[in-house]
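Let's have the full structure, built from the sequences with the hints guiding it.
Sequential numbering of the sequence shown, starting at 1, is according to our numbering.
Treat the hints with care, since some could be wrong.
Distance windows between CB atoms, simulated [stated by the list, open to error]: (1) Arg55 - Asn413: 36 to 46 angstroms; (2) Ser291 - Trp352: 33 to 43 angstroms; (3) Gln95 - Asn410: 46 to 56 angstroms; (4) Ser303 - Gln95: 49 to 59 angstroms; (5) Trp352 - Glu50: 37 to 47 angstroms.
Cross-link-like lysine to any residue pairs, in silico, SDA-like; alpha carbons within 25 angstroms at most [claimed, not checked]: (6) Lys167 - Arg119; (7) Lys439 - Asp315; (8) Lys473 - Arg422.
Derived from the structure by calculation, the hints contain no laboratory data. Since we're looking at a predicted model, the values are computed, not measured. The beta-carbon is built from N, C-alpha and C at its ideal position, and this holds for glycine as well.
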Amino acid sequence: MVRLSRAQSVTASSNEANAVSVQSLDEKALNQGLELEQAQLWSDAIRHYEAAFRRSPESTKLYQRLIISRLHFDVARRYQDDSYLGSLQRLSTSQALDLYSEILSNLQTHYVDQVDWDRLMIHGTAALEVALTEQKFLKTVLPTTDSGKIENFRQNIHHRVRSRSTKTRFDLRANAAYVAELAASDLGLSGTATVMEFLCGAVSTLDPYTRLLSPSQLDEMFSNIEGNFVGLGVELKTEPQFLQILSVIPGGPAEQAGITAGERIVRVEDAHTTEVSTEFAADLLRGVEGSYVSITIVGIDGSSREMRVQRRRVDVPCVENIHFVDVENRVGYFRLTNFQKTTTRDVENALWKLHREGMRSLIIDVRGNPGGLLSAAVEVADRFLSDGRIVTTRGRNTRENADYNAHRTNTWNLPIAVLIDRDSASASEIFAGAIADQKRGAIIGETSFGKGSVQGIFRMQAAKFGLCLTTAKFYSPSGKAISQNGVTPDLEVSPTYIAARPNPLGQITRDIEDATLQHAIAELAGEKRISRDQATAYAK
Numbered sequence: 001m002v003r004l005s006r007a008q009s010v011t012a013s014s015n016e017a018n019a020v021s022v023q024s025l026d027e028k029a030l031n032q033g034l035e036l037e038q039a040q041l042w043s044d045a046i047r048h049y050e051a052a053f054r055r056s057p058e059s060t061k062l063y064q065r066l067i068i069s070r071l072h073f074d075v076a077r078r079y080q081d082d083s084y085l086g087s088l089q090r091l092s093t094s095q096a097l098d099l100y101s102e103i104l105s106n107l108q109t110h111y112v113d114q115v116d117w118d119r120l121m122i123h124g125t126a127a128l129e130v131a132l133t134e135q136k137f138l139k140t141v142l143p144t145t146d147s148g149k150i151e152n153f154r155q156n157i158h159h160r161v162r163s164r165s166t167k168t169r170f171d172l173r174a175n176a177a178y179v180a181e182l183a184a185s186d187l188g189l190s191g192t193a194t195v196m197e198f199l200c201g202a203v204s205t206l207d208p209y210t211r212l213l214s215p216s217q218l219d220e221m222f223s224n225i226e227g228n229f230v231g232l233g234v235e236l237k238t239e240p241q242f243l244q245i246l247s248v249i250p251g252g253p254a255e256q257a258g259i260t261a262g263e264r265i266v267r268v269e270d271a272h273t274t275e276v277s278t279e280f281a282a283d284l285l286r287g288v289e290g291s292y293v294s295i296t297i298v299g300i301d302g303s304s305r306e307m308r309v310q311r312r313r314v315d316v317p318c319v320e321n322i323h324f325v326d327v328e329n330r331v332g333y334f335r336l337t338n339f340q341k342t343t344t345r346d347v348e349n350a351l352w353k354l355h356r357e358g359m360r361s362l363i364i365d366v367r368g369n370p371g372g373l374l375s376a377a378v379e380v381a382d383r384f385l386s387d388g389r390i391v392t393t394r395g396r397n398t399r400e401n402a403d404y405n406a407h408r409t410n411t412w413n414l415p416i417a418v419l420i421d422r423d424s425a426s427a428s429e430i431f432a433g434a435i436a437d438q439k440r441g442a443i444i445g446e447t448s449f450g451k452g453s454v455q456g457i458f459r460m461q462a463a464k465f466g467l468c469l470t471t472a473k474f475y476s477p478s479g480k481a482i483s484q485n486g487v488t489p490d491l492e493v494s495p496t497y498i499a500a501r502p503n504p505l506g507q508i509t510r511d512i513e514d515a516t517l518q519h520a521i522a523e524l525a526g527e528k529r530i531s532r533d534q535a536t537a538y539a540k
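Printed below as a string of structure tokens:
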């Protein structure tokens, strides 16, 4: 295992972890996590430690192993990103230090919690030490350096910086420059590569949602906000040994190639999903618009086929499967896949479509919705609330403090139910939490994920990088913190649907064997029936 700088406050050694008793759940979780680490299954280790740390938030050992796993996963992923590698070649050490300074300045001004400069220094040094054990890093930046020299440098670097000041962000810049000089002298390591490890280590260990965005990731982030991206046009779920296709965007490259929901991707280019992390395989699906990617698809019947599919710009629908789930009682339904710039418009269009067909009540499905724009969640909630609080945000910077309230105009008054599950997160929880606290409709399903924080996207000036930074936490109208708690359903129902069952249109249908949906239909059927005229679009 990797020994890191100032290890007492960052990590526990493998020997220490192996020596502890396995009687408690924490100790069992540690041992299970160490097995994943030894197999270098970093994404699985992260998920494991995150779940264990949720159960035992006071466990420093679980936290330490989570940090280590994140650092390993992040460095491997960075060195598979062509845009990141291109930046390494273009940026001088001085420019990298300017970028580091700009990142630190943003943390000082906008991060939700008070920044601990000593902790950032520790994690930056830790990131460099981790990188010096990763083959992708070594093959890229130190292909000919003697392994003994590398290990000696790695083992001793924390001793060489231990006495240096870490009181301010200016100290951190000076320390990164100092280590860059040492690494260049001792190993021939690029100063840019060294500084970027300090930068990435500081950012990626603050919380699960703060991260550096490489040039391509920055472009993709803004494309997703706008509701379009370059890719195959599929919604994926990463499973341990394959990529599950949850849905296929109509008119996209995947649909035109004959790919359907419910199928699995088991190979992307030379990467087989049984041999690499599925997150890595998913990353390989991205690429330049107009380029082709080679994949292996396993069909629902178990047959496999090899395909080359062109990457194209795809408009992402955020409202899907608009229809009546109970025709007799005119119970409308649609699924919200995410909250983006087009969401409010698309929701309004869906409402009017169902209204013209006689809708008397409505089910809004945000299961599996990972979130998106806070503003979009507020606007959608405002469509169903005539007054009262929707959400409150609070940050260390007072500019992040805001109270979002509903407006009486353009309110839809019909009975509603909202479906949530353990994967409903962020903006989905803002929407569901507002409906729940205002007693506006029934919340049915599982307790949601519990991501109660707001991220801002900052474009850097020193280089084409971005910073996705946690700037505030949000609270439901009753003042409940969503973070770690989630939204609790009025009626808890375990999911029983068959994930990724396609209907004839290639969309996911949750009507069949979907206990959550059936409970929602029954709940609305129990509502006092209203006429079509009473279910008018706007309140007076």
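**Prompt:** Do the alpha carbons of lysine 167 and arginine 119 lie within 25 angstroms of each other, as the hint requires?
**Reply:** Satisfied, since the Cα-Cα distance of roughly 11 angstroms is no more than 25 angstroms.
**Asked** So the hint says 46 to 56 angstroms: do the beta-carbon atoms of glutamine 95 and asparagine 410 match that?
**Response** Check passed, 49 angstroms falls within 46 to 56 angstroms.
**Request:** Return holds or violated for the Cβ distance of serine 303 and glutamine 95 against the range 49 to 59 angstroms.
**Result:** Given a distance of about 51 angstroms, which is inside 49 to 59 angstroms, the answer is holds.
**Item:** lysine 439 paired with aspartate 315 [C-alpha distance capped at 25 angstroms]
**Value:** Cα-Cα ~34 angstroms, so violated.
**Request:** With a cut-off of 25 angstroms on the C-alpha distance, tell me whether lysine 473 and arginine 422 pass.
**Result:** Judged against 25 angstroms, a Cα distance of about 19 angstroms means the pair holds.
**Asked** Do the Cβ positions of tryptophan 352 and glutamate 50 conform to the proposed distance bound of 37 to 47 angstroms?
**Response** Roughly 41 angstroms apart at Cβ, these two residues keep to the hinted range, so it holds.
**Prompt:** Taking the CB of arginine 55 and the CB of asparagine 413, does the distance hold inside 36 to 46 angstroms?
**Reply:** Given about 42 angstroms between the Cβ atoms, the range holds.
**Prompt:** Is the distance from the Cβ of serine 291 to the Cβ of tryptophan 352 consistent with 33 to 43 angstroms?
**Reply:** holds (39 angstroms)
Against the hints set out earlier in the document, a violation occurs for number 7 only.
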